[in-house]
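Enquirer: Could you put together the complete structure from these sequences and hints?
So you can see what is in the structure, the chains are spelled out below.
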Amino acid sequence: MKLHEYQAKQVFADAGIPTPESQLASDVDGVLTAAQEIGYPVAVKAQVQVGGRGKAGGIELVDTDEEAREAAESIIGMDLKGYHVDQVLVEGAVDFVDELYVGITMDRGEGKPVAMVSTKGGVNIEEVAEEDPDAIAREHIDPSFGMHPYQARKAVYDAGVDPAVARDVSSVLTTLYQLWDDRDGADAEINPLMVTADDEVIAADAVMNIDEDALFRQPELAEMEAEAAGSGDDLEQKADEYNFDYVRLEGNTGIIGNGAGLVMTTLDLVDHYGGEPANFLDVGGGAKAERIANALDMVFSDDNVDSVVFNIFGGITRGDEVARGINEALEQFDEIPKPVVVRLAGTNWEEGMEILNEDLVTVEQTLEDAVQRAVEYAEEVNDQ
Amino acid sequence: MKLHEYQAKQVFADAGIPTPESQLASDVDGVLTAAQEIGYPVAVKAQVQVGGRGKAGGIELVDTDEEAREAAESIIGMDLKGYHVDQVLVEGAVDFVDELYVGITMDRGEGKPVAMVSTKGGVNIEEVAEEDPDAIAREHIDPSFGMHPYQARKAVYDAGVDPAVARDVSSVLTTLYQLWDDRDGADAEINPLMVTADDEVIAADAVMNIDEDALFRQPELAEMEAEAAGSGDDLEQKADEYNFDYVRLEGNTGIIGNGAGLVMTTLDLVDHYGGEPANFLDVGGGAKAERIANALDMVFSDDNVDSVVFNIFGGITRGDEVARGINEALEQFDEIPKPVVVRLAGTNWEEGMEILNEDLVTVEQTLEDAVQRAVEYAEEVNDQ
Amino acid sequence: MSVLVDDDTRVVVQGITGGEGKFHAEQMMEYGTNIVAGAVPGKGGQEAAGVPVYDTVHEAVEEENADTSVIFVPPAFAGDAVFEALDTDLDLAVAITEGIPTQDMARVNKRLSETDTRLIGPNCPGLITPGEAKLGILPGNIFAEGNVGLVSRSGTLTYQVVDNLTNRGIGQTTAIGIGGDPIIGTDFVDALELFENDDETEAIVMCGEIGGEDEEEAAAFIDDYVDTPVAGFIAGRTAPPGKRMGHAGAIVSGSGTGTAESKISALNDAGVPVGDTPEEVADHIEEFLG
Amino acid sequence: MSVLVDDDTRVVVQGITGGEGKFHAEQMMEYGTNIVAGAVPGKGGQEAAGVPVYDTVHEAVEEENADTSVIFVPPAFAGDAVFEALDTDLDLAVAITEGIPTQDMARVNKRLSETDTRLIGPNCPGLITPGEAKLGILPGNIFAEGNVGLVSRSGTLTYQVVDNLTNRGIGQTTAIGIGGDPIIGTDFVDALELFENDDETEAIVMCGEIGGEDEEEAAAFIDDYVDTPVAGFIAGRTAPPGKRMGHAGAIVSGSGTGTAESKISALNDAGVPVGDTPEEVADHIEEFLG
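Chains as they are written, first to last, in my numbering: chain U, 148 to 531; chain Z, 148 to 531; chain C, 54 to 343; chain L, 54 to 343.
In short, the hints are calculated from the structure, not lab data. Only true hints are included.
One-sided excerpt, in silico: chain U residues whose CB lies under 7 Å from chain C:
1. Met253
2. Asp360
3. Val394
4. Leu414
5. Pro424
6. Gly493
Even for Gly, the Cβ is constructed at its ideal location relative to N, Cα and C.
Expert: And the structure:
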């Protein structure tokens, strides 16, 4: 779960990390009032959950009311990489001499957090990591002890941060780790951490991704998630409501299955047999009839979808329950909206086959056959 | 640093551990008002830093105003094992069916904290530990991880706590560890943790000792220490002001030295040669002249002292500084209050010997001779 | 022979009084697994699935000589349950629970470096030695005794591949679901090492997926140490970067690490054929076994 | 020969720009210790006591090949400084600082179980190999080269005993002050083992004091493993229970554990004579050396 910039900044500021003065606005008047109160120059920044906002026209630096109005008009309501911009953050511009990067993430290979510092802030850090890996100082943290103060210092000195601000940058890094640890962070980063001519450091951007599996113990952040919602894709929101693992893709063959690996494999096979997957949808283990029906509703709601492959290998999930869910979902239609190919295997698959209304679906015995049939259906629709 | 019962209870209650309703009082009227507000029966409990208050008459359970008045009159102002009682805690009496013990301390042998639970609460736990060690369930804590929830449960189940309250007792133990950890506890214990007929648990006593070396990062507790002061020994208070490691003993040979082991050895030698040590006083490493003079002032202030042995083996401490301090301290007297025997060795001892005014002190070359001479002086004074 | 589990394994089920715990304890027993106890705080003295329940894993070990734990505990409490298992003198702990916070698992991972107890999972279907015992939620009926070792990050994909093998009359020594989380106890390298040292295992199937670099490390390990022939499968070739594909660990990073291509090419370089479909994996295994 | 420190030891001083750090760095150099660097955050690039100062211990090790650290850092920051030393590839760290919070040392103690770096102290005078090098604050002039190993929980008591030895012409291989805190790195057993394995050490002095059970453990170790003759001294026979006698670790518990009697009788039972006075300790050693 990714916080909006304005939310992450609030969290960082509350923990004592210096951030520029800023206000959230959702219309032109709001932007003007905020800009006047803060004082020009200010930055007007689209609050959407995508990277590269600047290049995409989502961030403007303005010096006057006129410029602020223009920026507000162009940014609020714009479509930024598929996301609708409802709100902007109006923020005092910082006069900087250096841009640093500080971040904390989980190094899954090591199974432990890693703190990172670089003097090459202000640009895409993943590019820096690739082109000049030595420009990023890394310090692995033992999660049982947490980050020792010396580790923050070491990362900062190893990165070659100007000694005049080393102490303050260490302190920001220490706070960032504490936040990451307390708030179940997945990634926490500040890029750029600006350094002013007066040797002050200030977080000009703020990224905070939260481990979704830990939201149950982060009620404050879970609330922010609700606030942050509304700017996402409609179908992805629906998946949240139904509590499905769902990813929308660009193709036209809808895919429903149980278990992440098997669903991924089904996607891969659609591609392998010349089709294009429209989505990833995992109903999870032990799905009951209602959940199966919800899954079909999800996929039918996607206008891109021309056919559906329903691939279940029952372990906890029972074939009879799946069959009942499919029947229930499809029997309510006078005409089935998109052709559905079903393949049942594993627990109770025979019972499922008996229950399944074969007037409503096409049945295949193997995964490979089911995928090929669904791809054919999708091609037929496209050919019409 | 040991908190008063009322302070520890406040700390525990703030952390969510159930405690009986209580009020602090320092006179009879205060006790009566508190008792009436809380409702009889109440316990009137002397707030002094000694164990075994109950047996010593420092705790009375009262049912009426009349009894409360009597208890207040007898306890407030009493001398309890050498401590003057200025304040009492008036506390609602708890109707209990069981008395448990829960505690956290540092197991120095293992170098890690240990959580302890016993169903034999309400009595001296050290006696239980000696007579029936199996009656105390122990769980060592890895201080890098802190106490896992399962460890609290395990200690509680291992101790044989009634399943009806096991969950609540685990929760109290978990909170107690958290407090111990957050507040730099040396020992934290609740004895008894009372269990009521309704299966509620309530902390009827509260012990919290703080690591004095950690007070610098526990400002709130350091303030409590100041509050808690005033009931101690005058000389020990003076030692606090001078920042000496000082322990008052019963004998008449005053002892000043540098370094804990050497001072202890000097005490032991006083005893070995038939004398009785009056105190432990360590001036620490690198003491300057003023500190030396303060140490003499400390020992002279003790009426029990009949002679003083001053034993310095210089490492960081310089013999010339010590000699100067002794001269300064003694030259202000027309008559030296108690005979002082000085033994200087180690760094700059020869310079010290040259500086030392031998009209004011007796000089000996070895530790053994110095102690014997001081013991003789003390005996002479006693014989007069 | 087999690895990690057989019919001598003495199992305690943590969370046996919950719906899933009870159901799968019964399923495991039905398959032949020697379940000797359950452990659920506050439920000590009760019985569930026909075995005694204890308040702590320690008691279950003391009283019933359990040597292995299977953990069905909700995610909020599962990290603690794993610590409890690791701090008891067990040979093996299998954590089925999906959704344990990653930071909890990072701490568990630290403890793993300090103990001799092996952890499998979390977020895994468990493991099975066909005809002897299963630990977890795998559907026993699709497995058959045989000579193929199988290790997989995914549950149902495992069943798919096993089905393809069993349908051809190819059975398994042991199948291990190592789990789909970013931080897990036993990884591919550990499992490959076990199979390599198992006399009965004549071929190995390794089902990986996008995310992380475990498959790449496994490829290097195979190249250096594994003589047993290995066939691979990698799920997630069509996954877009930055999207979590069901499993918390199945994500191609924004900077393009953890891709299927990288894993497939690493495996190929180590001489491991990677099937485009589960059927192709079975083809390779059939070929290995001659 | 000698243990732990000699004139090849390459020392970094943590806290070298502080008053004590600088003074004792100079004293150590004067004695012959090979100080190669200092480490003080924010002071990198400066010079102190004639050696370069680095911001981190890691840099000092990389640039100057330091293998040992001596720590003069105020108590609030000393725990962190010890962690820094332990996490660097050093052979030895010596923490002189007195007053480190006990909980900090409990965490350090955990780390010690995970590293090969040895810690001496904290709250100790350090150690010295007479004629070669000293690490810490011991007054070099009272020591003499010889064949007695000395280990002690106390600083000035060590000097007293050494003085008694040196005055009789009995020199020392190495003298180690292990420190007066309740939780320390190297304990009596560790030091005794080092001396037992040192060819030149022909007799050992062990100065204990009240509090804890290290002396009792040492007695058991001597009984089982130490052939070199040991003479003991125990300070604090007259200490009342419940009072901290200067050292944080020097306290007889309210329940009566950690007494001098217990330690003396354990040592006697292990065949170790315990002197009533420092002079008597020297008598025993003289006897051992014949």
